[in-house]
Amino acid sequence: MSATEEAPALAEGVDTPTPPVKSSTLLSRSLRLWRTRIGLVFVLILVLIAVFGPIIAPHKPADFMGIPNTPPGGGALFGTDYLGQDVWSRFLYGGRSILVMAIVSTAIGVVIGVAIGLVAAYARNALDDILMRLMDVIMAFPQIMLALVAVSLVGPKAWVTIGAIAITTAPRVARVARGAAQPVVERDFIGATEAMGLSRVRILSGEILPNILGPMMVEATLRLTYSIAVIAALAFLGLAPDPNGANWGTMIQQNQGVLATQPWGALLPIIAIAFLTMGTGLIGDGIARTAAGIDRERGDE
Amino acid sequence: MKWFRGGGITGFIIRRLLLGLLVMFLVSVVVFVATQALGDPARAILGRDATPDRLAALRKQLNLDSSVVGQYFHWLGGVLHFDFGSSLAAQEPVGKLLGPRLVNSGILVLCAAVISVPVSIAIGSYAALKREKTFDTVTSNLLLVLASLPEFVVAVLLVILLSTSVFHWLPAISPVPPGHHPWEYPSELVMPVATLVFAVAPYVARIMRASMIEVLESDYVEMARLKGLPERTVLIRHALPNAIGPVFQVIAINLAYLAGGVVVIEYVFNYPGIGSALQDAVLNHDIPVVQALAILIAGVYVLLNLFADVATILVTPRLRTRL
Amino acid sequence: MTTDQLPEQQGATTDGGAAVTVRNLRIETTRGVAVVPDASFEIAPGEVLGVVGESGSGKTTVGLSLLGHARRGLKITGGTVMLGDRDILTMGDSELRRLRGSQVSYVPQDPASSLNPALRIGVQLREVLEAHGQSDNKTNDARIAEMMREVALSDDPAYLRRYPHQLSGGQQQRVGLAMAFANRPRLIILDEPTTGLDVTTQSTVLSTVRDLATSHGVAALYVTHDLAVVAAVATRVAVMYAGRIVELGPADVLFESSGHPYTRRLVGAIPRLTGGRSLVGIPGHAPSPGKRPSGCAFAPRCRLRIDECETAVPDMFQITPDHSSRCIKALEVVDFKQDEYGEPVALPESESDKPVLSIENVVGYYGSTEVLHSINMTLEQGEVLAIVGESGSGKTTTARSIAGLHHDWTGTIRLGDTELAKSARSRSTDVRRQIQYIFQNPYGSLNPRKTIGESVGQPLAVFNIASGKQAETMVGEMLEQVSLSAAYASRYPDQCSGGERQRVAIARALISKPSILICDEITSALDVSVQAAIVELLGNLQRELGLSMVFVTHNLPLVRSIAQKVAVLADGNIVEYGETAGMLANPQQEYTRHLISDTPSLETATGEVPAAALPHDRTSPA
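Chains as they are written, first to last, in my numbering: chain A, 1 to 301; chain B, 1 to 323; chain C, 1 to 622.
Keep in mind the hints are simulated off the structure, nothing from the lab. Quick caveat, the model's predicted, so the values are computed rather than measured. Heads up, some of the hints might be wrong.
As the list claims (entries may be wrong) - Derived pair list, reagent style DSBU-like, types lysine-lysine, alpha-carbon separation capped at 35 Å:
id : chain 1 : residue 1 : chain 2 : residue 2
1  : B       : Lys130    : C       : Lys513
2  : C       : Lys291    : C       : Lys75
3  : C       : Lys354    : C       : Lys450
4  : B       : Lys130    : C       : Lys422
5  : C       : Lys450    : C       : Lys291
6  : C       : Lys513    : C       : Lys354
7  : C       : Lys329    : C       : Lys354
8  : C       : Lys450    : C       : Lys469
9  : B       : Lys133    : C       : Lys291
10 : B       : Lys96     : A       : Lys157
11 : C       : Lys450    : C       : Lys513
12 : C       : Lys291    : C       : Lys329
13 : B       : Lys133    : C       : Lys75
14 : A       : Lys157    : A       : Lys60
15 : C       : Lys513    : C       : Lys422
16 : A       : Lys157    : B       : Lys60
17 : B       : Lys133    : B       : Lys96
18 : C       : Lys329    : C       : Lys75
Stated by the list, open to error - For each label pair, taking beta carbons as the anchor points, the in silico distance ranges come out as:
id : chain 1 : residue 1 : chain 2 : residue 2 : range
19 : B       : Glu217    : C       : Asp141    : 45 to 55 Å
20 : A       : Ile38     : C       : Arg72     : 39 to 49 Å
21 : B       : Leu319    : C       : Asp408    : 47 to 57 Å
22 : A       : Ser205    : C       : Ala421    : 39 to 49 Å
23 : C       : Ser168    : B       : Val114    : 42 to 52 Å
24 : C       : Arg86     : B       : Lys130    : 26 to 36 Å
25 : A       : Ile56     : B       : Leu319    : 53 to 63 Å
26 : B       : Leu319    : C       : His373    : 24 to 34 Å
27 : C       : Asp156    : A       : Val201    : 54 to 64 Å
28 : B       : Val114    : C       : Asp141    : 34 to 44 Å
29 : B       : Glu217    : C       : Ser215    : 29 to 39 Å
30 : C       : Thr30     : A       : Ile38     : 26 to 36 Å
31 : B       : Lys130    : A       : Gly84     : 51 to 61 Å
Backbone N, C-alpha and C define an ideal beta-carbon position, used for all residues, glycine too.
Whenever a hint applies, use it, and build me the whole structure from the sequences.
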């Protein structure tokens with residue numbers, strides 16, 4: 001492979017930590033793997049459905065279309081649900097809120113988590129201990145439980161769900177960010193900038209952060225996978241912002257009881273969620289494998 | 001814990017316990033502040049059109065008349081005696097309400113753990129040995145897909161496959177009647193346990209594979225082979241003990257995750273455990289039950305992490321002898 | 001067994017008496033690129049053959065093939081390795097397993113990572129006996145105790161119950177030796193077993209290897225990058241370059257009248273304990289597998305190159321029956337005087353008597369542990385002060401305290417008349433600009449995500465010296481000054497070799513025109529030829545720019561080539577402090593004398609210095 005040609009002869013017996021590769025290179029390299037491509041196709045299709053679905057949907061999601069639980073055919077492509085609403089239209093409407101909430105909450109959580117992880121890793125003192133103990137406290141609550149409790153106290157509003165997921169995402173990201181940053185902090189180029197007197201903020205953002213972007217991209221896709229799952233699960237438990245709205249999680253709950261007569265009402269959203277999370281999972285694994293592969297190539301003597 | 005060392009393994013466990021207690025104390029503050037100190041729980045419970053009489057009565061029942069700090073210590077005093085107050089919905093002590101459900105969920109999680117941990121360690125190790133061969137490729141792709149799927153999706157798919165649309169082998173729901181035990185209905189346990197196994201095993205197997213590969217490439221495994229040791233000795237004596245250390249943490253995190261994951265799965269299967277109790281309590285604004293469950297689940301997390309740390313120390317002489 | 005140690009008796013090329021004979025060994029990557037295209041040599045019983053080469057030369061790969069082993073990604077594709085009348089390369093798995101650890105054994109490079117951290121050393125010693133059929137516990141106990149005594153370790157059962165991390169590096173390596181000799185093998189492969197050990201430990205490990213090989217009649221292959229170590233341990237030497245053996249012959253012949261230009265230059269690049277000589281490096285670096293030229297691989301770096309060198313790989317040329325060289329000009333080279341040591345260097349006398357840097361009563365701490373005890377030293381204008389010590393002596397802590405990277409110290413450090421604050425952050429911008437620091441590991445000291453230009457230009461921005469076009473020009477000029485081209489500015493660190501990176505680090509340190517340069521073991525991660533080139537460059541720059549320099553190193557001979565003054569540190573104390581030439585010739589302290597005598601050097605091997613001239617002699621060969 002081409003990367004071996006760039007690799008210089010490394011001194012034997014010397015600890016040579018692998019230089020992390022640029023994040024753009026990592027992304028384009030990871031697209032050489034089939035799993036990343038497949039994952040990307042899954043995600044793209046579902047994002048397109050979520051974004052443009054409401055535009056192409058034949059009916060409004062809450063329109064009464066006919067007798068409840070009719071099989072596919074006639075006026076409704078995939079039949080009607082337990083309230084006589086059009087399954088296909090509800091499906092096309094049902095992805096947007098899940099996707100938007102998942103992306104927003106993950107982004108907030110990742111940004112906060114990376115910041116905390118970087119500060120903790122660079123502090124190397126009591127601040128590190130305190131921050132990490134606080135993260136432990138939040139991590140003691142499973143994501144779904146904290147989200148449930150928050151929703152029960154304040155109500156099933158979108159911002160509550162987003163906030164709960166961001167808060168529970170942050171400590172998990174912080175732990176990974178701290179772990180990735182620790183070896184970077186120990187490296188001499190950080191010492192070189194300290195000797196120059198570069199400010200702490202510049203060292204964190206300009207020197208350390210670019211070196212942990214690879215593992216952070218992997219972590220972000222993993223967290224997005226979890227966020228989608230938790231948000232869909234909340235809707236499935238009947239705690240979506242709009243309890244009767246078109247939402248894949250809600251649809252599964254509402255149609256679960258009639259699987260035998262009208263399978264599409266539950267199956268379509270199940271397939272959608274499954275492919276969405278599989279897609280993000282495959283992309284994350286593709287990036288992780290690419291990063292590891294680069295490590296291995298560079299590790300060749 | 002730079003501030004205190006020494007005391008060997010017992011000292012370590014004591015320090016770790018103290019740290020766990022500190023985390024639990026903070027957890028209790030968070031739970032209390034979130035559920036009781038912010039806003040007016042009485043109004044949240046009774047809704048907007050509650051009569052002043054009923055509000056006053058509820059405030060008295062929840063001990064909302066004293067100061068916030070006073071309320072907290074009153075509440076904490078109860079918690080320390082396993083007295084979480086009375087359920088508002090069921091009008092009976094929270095302990096009595098949750099006891100049987102705790103047993104039910106415990107059975108579920110225990111079965112899932114007993115099955116998933118050895119199976120995933122075996123799969124991960126074997127995949128590492130057969131690295132990049134067929135077994136490894138197939139299992140790692142399968143595990144990746146399983147790891148990505150939300151557990152309620154797995155649960156509903158299992159229901160579709162095994163009890164409603166395709167086959168009719170197993171009951172679709174698992175409603176263990178009150179006064180009975182789940183092991184009296186083994187067929188009802190199969191699908192919830194299987195779902196939990198699918199939720200945990202992929203992660204443990206993947207980390208086991210990675211850890212094993214790292215160990216197999218280590219200098220000391222190469223050295224063991226160059227010493228002419230039989231391959232079985234190399235694997236069992238040299239590779240496995242070193243590979244399993246990092247896996248304990250992942251097992252702990254995943255089992256703790258199960259404690260939260262049961263919420264959704266118990267709902268799917270209509271299984272009377274703490275998960276469905278939490279969901280009921282949330283819908284009914286049953287604050288004492290919510291508080292009790294939050295403390296309980298957080299406690300499980302802290303305890304499992306404690307076990308994992310101790311287990312890691314025990315299998316790693318380098319850490320053990322430095323205590 | 002001891003009488004046939006003389007080179008002329010066992011350098012014979014006849015296969016008859018050889019313990020192992022390697023013919024036409026070929027090792028390729030799994031993608032089919034030849035890493036070792038064709039290697040042939042033999043080792044007699046009781047003989048130590050040194051295999052010397054720089055990184056990537058294939059020396060470890062050759063060593064492991066003698067155990068029938070190839071690392072992941074490599075495979076042995078041709079040739080024979082005859083151990084007696086058996087070819088190791090045709091053996092099946094179970095036969096190989098029985099061979100390894102009994103007939104042929106291996107001592108790894110890094111004992112810390114090669115001993116299983118989860119098993120007690122007693123268990124690891126015992127299993128090598130049990131794996132080869134000795135199941136009687138009593139006999140094994142006795143054998144283990146005997147082995148431990150042979151490598152000068154305690155045979156106390158309590159000691160055997162220790163875990164590897166409870167042993168020092170030297171002790172771990174001696175456990176490795178005990179393991180290797182346990183089943184009294186016929187052949188033993190030692191893969192840089194002393195890399196990373198202090199000279200004192202290295203010295204005892206080397207003499208243990210020599211004694212064990214001699215007294216048990218074991219053939220040994222000693223792989224190393226360090227010619228001085230080879231001089232101390234080996235009777236015959238194979239020099240490897242780019243996967244091929246380029247010269248093979250008795251050790252003393254190779255050091256005095258080598259028949260290959262590479263060996264010549266390599267010898268010239270070794271720092272010397274005696275006679276202040278500047279080092280001459282070899283420009284460029286060795287080609288990696290797959291990028292090797294079709295002719296002689298050394299030709300691009302060779303001064304004697306003619307067109308014929310580039311047409312085909314030269315054959316091994318027999319200079320004498322036991323000395324051969326892979327050079328078409330071998331006979332010409334062999335007659336050269338070994339003159340490429342470089343000229344004796346006159347180190348400039350400092351002019352003013354006012355120190356630019358003075359260190360008074362500096363006491364350093366790590367937490368509550370005192371690691372430096374009252375350090376006093378001064379640095380004059382234009383002078384180079386070397387701080388020498390073994391690991392843990394406090395030399396790096398001293399250097400880091402001066403640079404403000406280590407904050408936990410008391411005492412006074414003055415730059416001219418200015419008293420310095422403890423941490424770099426609380427010093428003025430000008431002070432930070434004037435004191436520049438170069439780190440040990442060039443792989444860690446450059447941000448892998450920044451281009452060379454960004455890294456070198458960073459001080460210009462931080463110290464507000466220049467920006468924009470002007471900064472770009474200055475970076476380009478600076479890169480030229482450290483013998484790189486301005487085009488390097490757009491590269492990333494991972495596109496540079498170790499030596500190139502260290503030049504970049506020098507450029508970054510010098511671009512802000514400092515008055516004091518602190519070099520912390522800056523060559524210890526580099527190959528010998530590259531080290532020489534870096535020291536050569538640094539010496540030139542120091543004289544040209546009139547820099548004052550603190551040069552931290554564990555390598556005593558290196559000091560000779562660059563510093564006027566030396567401070568020897570041990571356990572946080574200055575043991576001896578004074579002028580370089582005087583101290584090396586006539587050390588006053590017992591510790592310094594030990595340090596000098598334990599340092600392997602060519603002088604002791606080639607008899608340039610009579611062994612008797614050294615205070616005590618543990619390293620010179622028998």
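Now for the hints, and whether the structure bears them out:
Annotation: proposed proximity of Lys130 (chain B) to Lys513 (chain C) is violated, straight-line Cα distance about 57 Å (limit 35 Å). Restraint check for Lys291 (chain C) and Lys75 (chain C): satisfied, since their Cα atoms lie roughly 19 Å apart, inside the 35 Å limit. Pair hint Lys354 (chain C) plus Lys450 (chain C) does not hold up; C-alpha atoms about 40 Å apart against a cutoff of 35 Å. At roughly 55 Å between alpha-carbon atoms, Lys130 (chain B) and Lys422 (chain C) are farther apart than 35 Å, so this suggested pair is violated.
Proposed proximity of Lys450 (chain C) and Lys291 (chain C) is supported: the alpha carbons are some 27 Å apart, at most 35 Å. Between Lys513 (chain C) and Lys354 (chain C), the direct Cα distance comes to roughly 20 Å. Compliance with the 35 Å bound is thereby established for this hinted pair. Proposed proximity of Lys329 (chain C) and Lys354 (chain C) is contradicted: the alpha carbons are some 54 Å apart, above 35 Å. A threshold of 35 Å between alpha carbons decides the hint, and for Lys450 (chain C) with Lys469 (chain C) the separation of about 18 Å falls inside it, so the pair holds.
Distance hint between Lys133 (chain B) and Lys291 (chain C) is fulfilled; the C-alpha atoms sit about 31 Å from each other, no more than 35 Å. With a CA separation close to 33 Å, the supplied pair Lys96 (chain B) and Lys157 (chain A) stays within the 35 Å bound. A hinted pair counts as satisfied when its Cα atoms are at most 35 Å apart, and Lys450 (chain C) with Lys513 (chain C) qualifies at roughly 22 Å. A C-alpha spacing of about 24 Å is found between Lys291 (chain C) and Lys329 (chain C), which places the hinted pair at or below 35 Å, so the restraint holds.
Straight-line distance between C-alpha atoms of Lys133 (chain B) and Lys75 (chain C) comes to about 19 Å, which keeps the hinted pair within the 35 Å bound. Taking the CA atoms of Lys157 (chain A) and Lys60 (chain A), the gap is about 22 Å. The hint holds against a cut of 35 Å. Of the supplied pair hints, the one linking Lys513 (chain C) and Lys422 (chain C) holds, its CA atoms being roughly 22 Å apart against a limit of 35 Å. Taking the CA atoms of Lys157 (chain A) and Lys60 (chain B), the gap is about 29 Å. The hint holds against a cut of 35 Å.
Straight-line distance between C-alpha atoms of Lys133 (chain B) and Lys96 (chain B) comes to about 54 Å, which puts the hinted pair past the 35 Å bound. Proximity of Lys329 (chain C) to Lys75 (chain C) is assessed by CA-CA distance (about 33 Å); at most 35 Å being required, the pair is judged to hold. Evaluation of the 45 to 55 Å hint for Glu217 (chain B) and Asp141 (chain C) yields a failure: the beta carbon distance comes to about 33 Å. For Ile38 (chain A) paired with Arg72 (chain C), a C-beta distance near 28 Å fails the hint of 39 to 49 Å.
For the pair Leu319 (chain B) and Asp408 (chain C), the beta carbons lie near 27 Å from each other, so the given range of 47 to 57 Å is not met. Take Ser205 (chain A) and Ala421 (chain C): their Cβ atoms lie about 26 Å apart, and the range 39 to 49 Å is violated. Evaluation of the 42 to 52 Å hint for Ser168 (chain C) and Val114 (chain B) yields a pass: the beta carbon distance comes to about 44 Å. Checking the proposed 26 to 36 Å range against Arg86 (chain C) and Lys130 (chain B) shows it holds: the Cβ atoms sit about 31 Å from each other.
One distance hint, 53 to 63 Å for the beta-carbon pair Ile56 (chain A) and Leu319 (chain B), holds here, with the actual separation near 59 Å. Evaluation of the 24 to 34 Å hint for Leu319 (chain B) and His373 (chain C) yields a pass: the beta carbon distance comes to about 32 Å. The supplied range of 54 to 64 Å is met by Asp156 (chain C) and Val201 (chain A), whose beta-carbon atoms lie about 56 Å from each other. The hinted range of 34 to 44 Å is satisfied by Val114 (chain B) and Asp141 (chain C), whose Cβ atoms lie roughly 42 Å apart.
Separated by about 36 Å at the C-beta atoms, Glu217 (chain B) and Ser215 (chain C) satisfy the suggested range of 29 to 39 Å. In this structure the supplied range 26 to 36 Å holds for Thr30 (chain C) paired with Ile38 (chain A), their Cβ-Cβ distance being about 27 Å. Range check, Lys130 (chain B) to Gly84 (chain A): about 54 Å between beta-carbon atoms, so the 51 to 61 Å window is met.
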